[in-house]
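Once you've looked at the hints, dock chain B against the given chain A.
Chains as they are written, first to last, in numbering that gives the first Met the number 0: chain A, 0 to 112; chain B, 0 to 248.
Source of the hints: derived by calculation from the structure; they are not laboratory data. All C-beta atoms in this analysis are idealised placements derived from N, C-alpha and C, irrespective of residue type, glycine included. One or more hints might be untrue.
[Unchecked claim] Which residues of chain B face chain A? A few of them, derived with a C-beta cut under 7 Å, are: (1) N25; (2) G28; (3) T31; (4) V36; (5) E39; (6) T40; (7) Y60; (8) K62; (9) W63; (10) F67; (11) Y85; (12) L86; (13) N88; (14) E93; (15) E97; (16) K190.
Now for the letters of each chain:
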Amino acid sequence: MKKTLIILGFIAAILAMILSATPLSKIAFIPCVLAFVFGISAFVISKDKRTSKKSIQLIFLMTTLALALTTYKAIFTTAELGNTEQLQQKEEQLEDESLEDLEDLDIDEIDIQ
Amino acid sequence: MTSLIAVSQNNTIAAGERLTFSASYNMSGLLTELAQVNMETSEVRTSKSTLFRLKCTAATYSKWDSFFKIRDLYESYVSPKTLTPYLYNRDISEGGYEKFMKYKFNHKTHTVASVKRKKRSDGTTWEEKKNVSIGSSTKDLVTTLYHIRNLDIHKANIGDSQNFTVLFDNKESVVNIKYLSKETLNTVLGKKECYKLAISINNSDVLKGNNDNLLWLTADANKVPVYAKFKIAVGNGELKLKSASGLKH
Numbered sequence: 000m001k002k003t004l005i006i007l008g009f010i011a012a013i014l015a016m017i018l019s020a021t022p023l024s025k026i027a028f029i030p031c032v033l034a035f036v037f038g039i040s041a042f043v044i045s046k047d048k049r050t051s052k053k054s055i056q057l058i059f060l061m062t063t064l065a066l067a068l069t070t071y072k073a074i075f076t077t078a079e080l081g082n083t084e085q086l087q088q089k090e091e092q093l094e095d096e097s098l099e100d101l102e103d104l105d106i107d108e109i110d111i112q
Numbered sequence: 000m001t002s003l004i005a006v007s008q009n010n011t012i013a014a015g016e017r018l019t020f021s022a023s024y025n026m027s028g029l030l031t032e033l034a035q036v037n038m039e040t041s042e043v044r045t046s047k048s049t050l051f052r053l054k055c056t057a058a059t060y061s062k063w064d065s066f067f068k069i070r071d072l073y074e075s076y077v078s079p080k081t082l083t084p085y086l087y088n089r090d091i092s093e094g095g096y097e098k099f100m101k102y103k104f105n106h107k108t109h110t111v112a113s114v115k116r117k118k119r120s121d122g123t124t125w126e127e128k129k130n131v132s133i134g135s136s137t138k139d140l141v142t143t144l145y146h147i148r149n150l151d152i153h154k155a156n157i158g159d160s161q162n163f164t165v166l167f168d169n170k171e172s173v174v175n176i177k178y179l180s181k182e183t184l185n186t187v188l189g190k191k192e193c194y195k196l197a198i199s200i201n202n203s204d205v206l207k208g209n210n211d212n213l214l215w216l217t218a219d220a221n222k223v224p225v226y227a228k229f230k231i232a233v234g235n236g237e238l239k240l241k242s243a244s245g246l247k248h
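If we strip away everything but chain A, and leave its shape as in the complex, we get:
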């Protein structure tokens, strides 16, 4: 039981760390909570026994790091638009091309239909 919880805790903690490093960092809150739940459960189960709690501590450490990074990102980063110069050039180029294509079109004739 304890082993299973520790393994699940590790998986959740690693997932939380990976997610917190990506732009999808907000979703890392979910594995963070899971890792804490698994970690605490494993801790409670092994409370009375004289077994090593190093691995559980590691889970907590990883989760705390992921949580700190996620929270930092959620508060301090704002969604900003990157470089759209290429897109603007494309817009202008397409407008020129399209107007050339439309040059022979007589819109009034068609609109009256």
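Using the frame of chain A, we list chain B on its own:
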């Protein structure tokens, strides 16, 4: 089923209108902003006629650019009076995948001259030209979006629906718009009463669920799209209006 009142006259869209949206991914309430979507209209002139250019662009926010960069452009050149499309361009660049589509509509012969340009993995491009026959009311994607706004929803009853035939990737598909209810939403334009519409595409699994793909238009003469929600495999996608300028009414 009765139909929403489809008008042929444009009473809603003016040149110089600019709407900015933020597209987000929503998983269990955790909102991640993905991209900015712009919808702009402008007036363009050829030597013989004046047209509206309806332009929609999507660009991912900078934090995504190194993971999956999207720079999409969809545009349509339409008649200012009836919003009938004459030329449609779609130029997409999504994480290295590039594609260009052009449709030139001929409404007399009910055909579309389509040009498809794609980039191969080695950097070279190939082109495919095709003539596609279309129905008399077939439109492109961008024009359809603006036509939805031009529906006379105030005359329609709850439960009414309207079909649009849309040409996409050289294939015609039927898009169904259903008027579900009126709802009041908090938007950047203030607290607004909105029409809640459900969008579905017949014979397609792009949009999942039943009545889960929703669009809210303000219940006034401008019918500004303020909010849209899409159900995808994991979680929801949503589009929220961030700013609007140059509205007609």
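For which of the previously enumerated hints does the structure constitute a violation, in increasing order of number? The structure conflicts with hints 1, 2, 4, 5, 6, 10, 14, 15 and 16, although it agrees with all the remaining ones.
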